[in-house]
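Undergrad: Residue numbers (the UniProt record's numbering), protein chains in the order written: chain A, 1 to 574; chain B, 1 to 127.
No lab work stands behind these hints: they were computed from the structure. Certain hints may be false.
[To be verified] Calculated cross-link-like contacts (lysine to aspartate or glutamate; reagent style EDC-like; alpha-carbon spacing at most 20 Å):
(1) B:Lys47 x A:Glu342
(2) A:Lys301 x B:Glu28
(3) A:Lys301 x B:Glu86
(4) B:Lys47 x A:Asp492
(5) A:Lys337 x B:Glu99
(6) B:Lys114 x A:Glu342
(7) A:Lys419 x B:Asp125
(8) A:Lys341 x B:Glu32
(9) B:Lys114 x A:Asp492
(10) A:Lys341 x B:Glu99
(11) A:Lys395 x B:Glu65
(12) A:Lys395 x B:Asp33
(13) A:Lys347 x B:Glu124
(14) A:Lys337 x B:Glu27
(15) A:Lys419 x B:Glu124
(16) B:Lys63 x B:Asp37
(17) B:Lys114 x A:Asp350
(18) B:Lys114 x A:Asp494
(19) A:Lys341 x B:Glu25
(20) A:Lys301 x B:Glu27
(21) A:Lys347 x B:Glu99
(22) A:Lys337 x B:Glu28
(23) B:Lys67 x B:Glu25
(24) A:Lys467 x A:Asp499
(25) A:Lys301 x B:Asp33
(26) A:Lys337 x B:Glu32
(27) A:Lys347 x B:Glu32
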Amino acid sequence: MDIPTETPASSSSSSDGKEERYLVLIEFAYRHLDFQIAEIESVLDMHGIQLGSPDCRVYPLPGQDETGRTTPASSNPELRRPYLILSFPAKDASKLSDNSNSVDRWGLVTRATNENASIAEILSRCTLVKTIVELWGASTSSLDTCAKECGEWIKNTKVGQSIFANVAGEQESWKLTVHTLGTKYTREEQAEMRDKFSYLGFQGPVQMKEPNHEYVLIREVEMDGKGSPLHPRHGIDKNVIPEHDKLPPLGLYFGRLLGGKSKKGRGGLEQYNLKNRVYLGPTSMDAELSFVMTNYGQVQKGSVVFDPFVGTGSILLSCALRGAYCMGSDIDIRVLKGRNKEETIWKNFDQYHLRRPELLRTDNAIYHRHFRRHQPLYDAIVCDPPYGIRAGARKTGSRKDTPRPILEEHRHDHIAQTKPYPVSDVMSDLLDVAARTLVMSGRLVYVIPSFHEFDPHTDLPRHECLKLVHSCYQPLQAELGRRIVVMKKIKDYDFSKRDHYMSNIWVNGTESAEKCANLRDKILEAAKQKPDYERKAAVRRQKRKVLKEEKKAAKKKKKKRLGEDNDEVEETQS
Amino acid sequence: MRLLTHNYLISNVKGTKEGYPLQIEAEEVVIEDSPFDQELVTGILPKLNYEAVIGALHQVADKVEPKPADIPEKLPEGEIDTATLEALYHVLFNIHVIEGHLVCPDTGRKFPIKQGIPNMILHEDEI
Chain A
1 MDIPTETPAS SSSSSDGKEE RYLVLIEFAY RHLDFQIAEI ESVLDMHGIQ LGSPDCRVYP
61 LPGQDETGRT TPASSNPELR RPYLILSFPA KDASKLSDNS NSVDRWGLVT RATNENASIA
121 EILSRCTLVK TIVELWGAST SSLDTCAKEC GEWIKNTKVG QSIFANVAGE QESWKLTVHT
181 LGTKYTREEQ AEMRDKFSYL GFQGPVQMKE PNHEYVLIRE VEMDGKGSPL HPRHGIDKNV
241 IPEHDKLPPL GLYFGRLLGG KSKKGRGGLE QYNLKNRVYL GPTSMDAELS FVMTNYGQVQ
301 KGSVVFDPFV GTGSILLSCA LRGAYCMGSD IDIRVLKGRN KEETIWKNFD QYHLRRPELL
361 RTDNAIYHRH FRRHQPLYDA IVCDPPYGIR AGARKTGSRK DTPRPILEEH RHDHIAQTKP
421 YPVSDVMSDL LDVAARTLVM SGRLVYVIPS FHEFDPHTDL PRHECLKLVH SCYQPLQAEL
481 GRRIVVMKKI KDYDFSKRDH YMSNIWVNGT ESAEKCANLR DKILEAAKQK PDYERKAAVR
541 RQKRKVLKEE KKAAKKKKKK RLGEDNDEVE ETQS
Chain B
1 MRLLTHNYLI SNVKGTKEGY PLQIEAEEVV IEDSPFDQEL VTGILPKLNY EAVIGALHQV
61 ADKVEPKPAD IPEKLPEGEI DTATLEALYH VLFNIHVIEG HLVCPDTGRK FPIKQGIPNM
121 ILHEDEI
């Protein structure tokens with residue numbers, strides 16, 4: 001989603017008579033880059049703050065122009081910087097800047113009723129946010145300009161004056177931390193960097209452990225795709241690489257820390273890691289991504305959440321951790337019941353002392369035949385529909401046109417037949433159920449695989465009652481990725497218009513849906529197009545053959561040995 | 001299966017007129033306490049078929065130990081006091097039917113509940 005960037009000239013926090021703004025710098029974890037802004041936007045929206053409105057605009061990063069491009073052109077045109085500056089009206093500064101009780105206290109369960117929430121409290125739900133900093137000054141060129149900007153902010157702006165008066169007094173202990181994004185500087189070099197800011201004049205004592213205020217100096221450098229510096233300062237031999245050391249930073253930031261996750265273990269989320277669950281399946285959603293999905297769905301305490309393709313319940317587990325009441329259904333009874341008494345969806349919930357989810361075996365293709373026509377009930381529908389990559393979709397019904405009748409005496413134990421469920425129907429049924437059952441402004445969040453030929457503008461399904469809010473892309477392999485799509489209910493569902501709704505789901509016909517179906521075959525096809533495929537495939541075939549023969553030989557040997565043992569036994573017996 | 005879920009389920013076999021409310025034939029019922037959630041219960045009350053809640057409670061009553069606090073026979077209008085909300089929350093969210101059947105009032109078709117999961121799937125000749 002494109003959010004217009006503020007023009008700094010019109011609103012910078014200077015004393016030229018223009019409106020003053022309060023700037024907040026957000027540092028993201030260097031993961032899921034395309035999901036970050038959407039997460040912030042969804043969470044701000046929960047608190048009635050519209051990103052892009054005068055109440056909260058995006059302010060360009062140092063070196064960025066209005067289009068969000070970093071100039072001078074970096075070596076990487078696709079450069080993604082894990083930072084975002086938000087600009088708020090100066091009048092909100094005192095409310096937003098409160099950091100008295102939010103540092104290191106990341107909330108999972110929140111409810112957006114607190115009108116006086118600080119920005120750190122609001123954003124503490126964001127899975128991908130690392131730190132939140134009240135920005136005093138920023139620069140592209142040098143520490144001196146950055147320090148000078150801070151000084152001007154403190155002296156010349158009303159916001160700066162009043163905040164500085166509150167935080168720099170004799171009673172206020174403080175420390176200054178230097179963040180260098182994986183670039184190493186010696187203690188002396190860091191001290192030199194800190195010294196540039198000493199003229200600001202903090203009166204209180206320096207205190208390393210739990211000071212009243214922590215200031216941060218961030219030196220942003222260009223990152224490679226994996227979150228390490230693109231031009232590392234030190235080589236493998238641990239010596240400084242002079243030509244890399246010379247490179248200017250992308251940005252320098254100085255400010256007061258408002259909130260942040262502790263460095264150890266992603267703010268406590270690691271306890272929800274998949275590997276700590278007792279019950280898992282091949283399509284379980286990873287914990288971090290499902291937490292992001294709960295934010296897209298604006299799931300909070302008291303929400304009612306439904307997952308029509310619940311599987312092992314991994315998405316609902318994250319929703320329950322947010323305090324929601326969860327309902328999940330699936331057509332596959334085996335996955336609902338679990339592997340055995342100890343490995344079930346419920347055990348996963350018990351592990352974290354959560355209210356058990358409600359599980360049902362129903363078929364989403366005929367939702368209206370399982371549930372009475374009820375008032376919109378769900379605040380969010382969050383799911384990972386079956387696309388047939390790892391688990392194929394099924395719906396009730398016989399593959400034959402005229403099913404054989406079931407004898408009455410067999411009916412009790414009869415296992416109902418299921419038949420394949422085309423992806424185009426999976427999607428249109430999902431959207432229709434969402435349109436019908438979501439409360440107004442309730443959200444549908446779903447995952448959809450995305451092959452290179454998939455165009456989100458024309459290929460995503462639509463519904464008159466649902467508005468597309470986000471579609472975020474995560475690359476997985478060269479040509480394959482997945483998208484998280486977020487839709488919001490904007491219109492009451494009119495039952496008399498169902499046929500009209502259903503026939504308008506696919507703009508370009510159901511071929512769109514086929515683009516995300518049967519991806520296993522398509523991935524194979526794509527691999528075949530690559531040069532040298534035949535030769536590599538032959539090598540792999542040969543390897544497999546050898547392996548198979550080895551196994552066969554081993555089995556034969558074992559059998560023979562067993563046979564001999566048996567003979568011996570027989571001999572002794574006779 | 002909670003009594004809340006029962007409130008929404010219908011029978012869907014061919015030949016059913018309304019298929020609602022389903023009759024509960026409970027064999028095993030457990031109470032699992034969970035913290036009272038006022039936002040949740042006040043949000044859900046107007047969306048219930050309250051008569052069906054009362055009916056369902058009567059059907060499982062003899063299997064529920066300990067006996068739940070009384071809930072009003074008719075949903076009170078206007079603001080509801082906390083004690084009543086807590087009682088309603090308990091009935092809707094903490095009573096689980098673990099084993100038993102849901103029976104269609106029109107056709108008598110039985111939908112099994114096993115391990116707390118109602119199986120509403122239709123056989124191929126019932127669609």
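Undergrad: Run the structure past the numbered hints and jot down the numbers of the failing ones, going up.
TA: Result: hints 1, 2, 9, 11, 12, 13, 16, 18, 19, 20 break, sorted rising.
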